[in-house]
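S.K.: Read off the chains here:
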Amino acid sequence: MTSSELPPPPAPPPPEGGFAAGPPPTRAPVPLDAPLRTSPLTIALEAIGLGFFALSLWINQVTGGEPADVPGLVIGFAFTLQRTVGWWFRTYTVTDTSITLDEGILQKRHRVVPFTRIQQVEHRQQLTSRLFRLVSVHIETAGDARSTAISLRSLDVSTADALRDHLLAEQHRVRAGLPAAPRGEGAQWSEAFRAPTRTPLLRVSHRDLLVAGLTSNGAVAAATLAVVPSALIAAVNVDGPAAVPAFLAIETAFTMLAVLLGAVGSLLGGWGFDLTSSDDDLHVTQGLLDRRQHTMPRHRLQHVRVVDNPVRRRLGVVTVQLFSAATPGRRDEQQTAITIPFARREGLGDLLVQCMGSARWRPPDLEPRSPVARRRAILRRTALTTAMTITIVVVLLPAGAVLTPLALLGIPWGRLAHRRAGSALDGDVLVVASGALVHHLELVPAERVQSRRTTASPFQRRLGLASLRLDVAGARRAGAPGLGDLGADVAAAVQQAIPSRPRAPA
Amino acid sequence: MTNPLASEAAHLPDPRARTMWSLLTGLTGAILGSVVGGIAVAADAWPVAVVVLLASTVGGVVFGRTAWRRRTWTLAPRTLQLRRGVVVHRATSIPYDRIQQIDVERGPLERMFRLSQLVVRTAAATTDASLYGLAPEDADSLRQQLLDLAGIDDVV
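Chains as they are written, first to last, in our numbering: chain A, 1 to 506; chain B, 507 to 662.
In case anyone wonders, no lab produced these hints; they're calculated from the structure. A portion of the hints provided could be inaccurate.
Ranges between beta-carbon positions, derived for each pair [claimed, not checked]: (1) B:Arg617 x A:Gly76: 48 to 56 Å; (2) A:Thr391 x B:Asp646: 52 to 60 Å; (3) A:Arg462 x B:Ala548: 36 to 44 Å; (4) B:Gly544 x A:Pro412: 20 to 28 Å; (5) A:Pro200 x B:Asp646: 52 to 60 Å; (6) B:Glu514 x A:Pro371: 30 to 38 Å; (7) B:Gly565 x A:Asp365: 46 to 54 Å; (8) B:Thr525 x A:Arg461: 38 to 46 Å; (9) A:Leu248 x B:Arg576: 50 to 58 Å; (10) A:Arg198 x B:Leu653: 41 to 49 Å; (11) B:Arg617 x A:Arg462: 38 to 46 Å; (12) B:Leu653 x A:Gly464: 31 to 39 Å; (13) A:Val112 x B:Arg617: 31 to 39 Å.
A short list of chain A residues far from chain B (calculated; beta carbon distances all over 12 Å) [as the list claims (entries may be wrong)]: (14) Gln61; (15) Leu73; (16) Ala78; (17) Val244; (18) Phe254; (19) Thr255; (20) Leu384.
In this text the structure is predicted, and so the values were computed from the model without any measurement. Glycine included, each C-beta is placed from N, C-alpha and C at the ideal position.
For reference, chain A alone in the conformation it holds in the complex (with noise of 0.2 Å):
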């Protein structure tokens, strides 16, 4: 498919739809102006925490146990009680241009986020909820998601459905500047109200959910790093050659172990993957035990991020990961990402060509850097790996001699390292792209870019090369987007790709 081929992006509903026409709404419209609360089954969930607490307290008095269970006990029962107290104190209510939360039993909390400034919308059920059909709504805007998002735990299926369906469409209506639907018995059937219809993107079947959990980084950094500890314990715990073996055995031992773990988490996080569109927004469903499914309007998008190791390299194998400005604070970033865990890397620029409907995000040929970079990405790795070497070494003698040429590691090391680095700074989407072992490719259109950074020490300035960021938002710092040792040159013309309006003049 290329890009001539895409469909040209949805029109946004008309303001005065046809209202009793059409097929019937396939989603419940949700309700307006008024103050809703989460669905009552928190009560019962919260209330078997609180049975359970009153009975402990109970047979404590009864059986006239440990006087100091007590005060935990209280405490705990306390605890849930204001969480089932809480409940009632919470409602969130959905107006024509945000949507308001209010909590609190004595310290009132007022919430609002206007349409215009929700970033994404994440659906989670765990395994407990989904027993009672129930679902926790986090609703996420730019900045930290502690402080700044909405979520609401335990809301029906349908009733959640419906309110992401709404929040998004709403979200589109107020951005293209177009009225609220009219309200009364007749709005319930507009156009607005009418479940989005969802373009199926990319599906990833369970055997490529293994290959991808086989192949993670994790598993293949595990199996890399466990040759030190095996090398150990071998040649601690076993004398003469019979280390060797020894050493084989465990290294594979811990590879195994490493290789296996992924692999059940990949299969349980990304179980039935499922990638969809509408409109303007991507969806996400995915998950065995607890279910996620995150919904980004494309135009939320701040940069995307292709992972590959040599293991996946070789398989033609990538993740794709997609990253708004919502920040998971002290969570791990995976968490308001939208993971694509397998993709075919021959197909990528297809893939996300379809997920954001332009041709912009064909990953270009990327410039590689410079032959001074080159001798600069080697001597550095050679002079790391001779400093580790030194250490195994002295520590092993007289034994660890033989293990003097690992030392060399760091010219192909270095060599990969530069020949998988490269850039390509001039269109308007940004690339760049490093890593010998795990591989980064970013790609950040240049609008996104909040500001540009380069640093050179003075090895890098008498080579002409600087070091490139990128800041974008939602980006921690060591998730920034950058290339090191690029020509100084190169690093300064960014500038020139980064659209912004001209000063006024003086």
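For chain A, the structure is supplied; the task is to place chain B on it using the hints.
M.R.: Showing chain B alone in chain A's frame:
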């Protein structure tokens, strides 16, 4: 008199900042020097101690003055450009329309030296843009000017 902030030349921090920074770095150098010097005294090498103390103090002052000279800000046509760093050179450039918020900060030491600092924030938490060592009146007018340049577009 023309508004100095309107030019596209690279601006240095206020000279009072140079005094403050070289005092601070000189003091740091003196403290480090006296630690090393103390060891030399314990080894009964008085001349070494004196030389080390002097050298590190002077070195500290020179470092502070260099840091002052290296730290510049420029109002380029489309971007605010900041440069700093004595050993590792760092540069940040921020398109004006990406500016979300500008804080004026004055610590106790800065108040003593009659200095202000502007912290420019964008939607990215990783943006690293502080203008240290401005005269308070410069800080206020520069802040206003940057806010005018920034406009009020929703960029996230």
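S.K.: It remains to establish, for every hint, whether it holds in the given structure.
M.R.: Status of the hints after comparison with the structure:
1. B:Arg617 x A:Gly76: 48 to 56 Å: holds (50 Å)
2. A:Thr391 x B:Asp646: 52 to 60 Å: holds (55 Å)
3. A:Arg462 x B:Ala548: 36 to 44 Å: holds (40 Å)
4. B:Gly544 x A:Pro412: 20 to 28 Å: Since B:Gly544 and A:Pro412 have Cβ atoms about 48 Å apart, the given range 20 to 28 Å is violated.
5. A:Pro200 x B:Asp646: 52 to 60 Å: holds (56 Å)
6. B:Glu514 x A:Pro371: 30 to 38 Å: Holds: the Cβ-Cβ distance is about 35 Å, inside 30 to 38 Å.
7. B:Gly565 x A:Asp365: 46 to 54 Å: Distance hint for B:Gly565, A:Asp365 holds at roughly 49 Å.
8. B:Thr525 x A:Arg461: 38 to 46 Å: violated (29 Å)
9. A:Leu248 x B:Arg576: 50 to 58 Å: About 55 Å separates the Cβ atoms of A:Leu248 and B:Arg576, which means 50 to 58 Å holds.
10. A:Arg198 x B:Leu653: 41 to 49 Å: Because 43 Å falls inside the window, the suggested range holds.
11. B:Arg617 x A:Arg462: 38 to 46 Å: holds (41 Å)
12. B:Leu653 x A:Gly464: 31 to 39 Å: holds (37 Å)
13. A:Val112 x B:Arg617: 31 to 39 Å: Since the Cβ atoms of A:Val112 and B:Arg617 sit about 37 Å apart, the hinted range of 31 to 39 Å holds.
14. Gln61: holds (52 Å)
15. Leu73: A:Leu73 clear of chain B: closest Cβ-Cβ about 42 Å, beyond 12 Å.
16. Ala78: holds (37 Å)
17. Val244: Given that every Cβ of chain B is farther than 12 Å from that of A:Val244, nearest at about 45 Å, it holds.
18. Phe254: holds (36 Å)
19. Thr255: Non-interface label stands for A:Thr255: nearest chain B Cβ at 36 Å, farther than 12 Å.
20. Leu384: holds (19 Å)
Hint compliance for this structure: hints 4, 8 are broken, all remaining hints hold.
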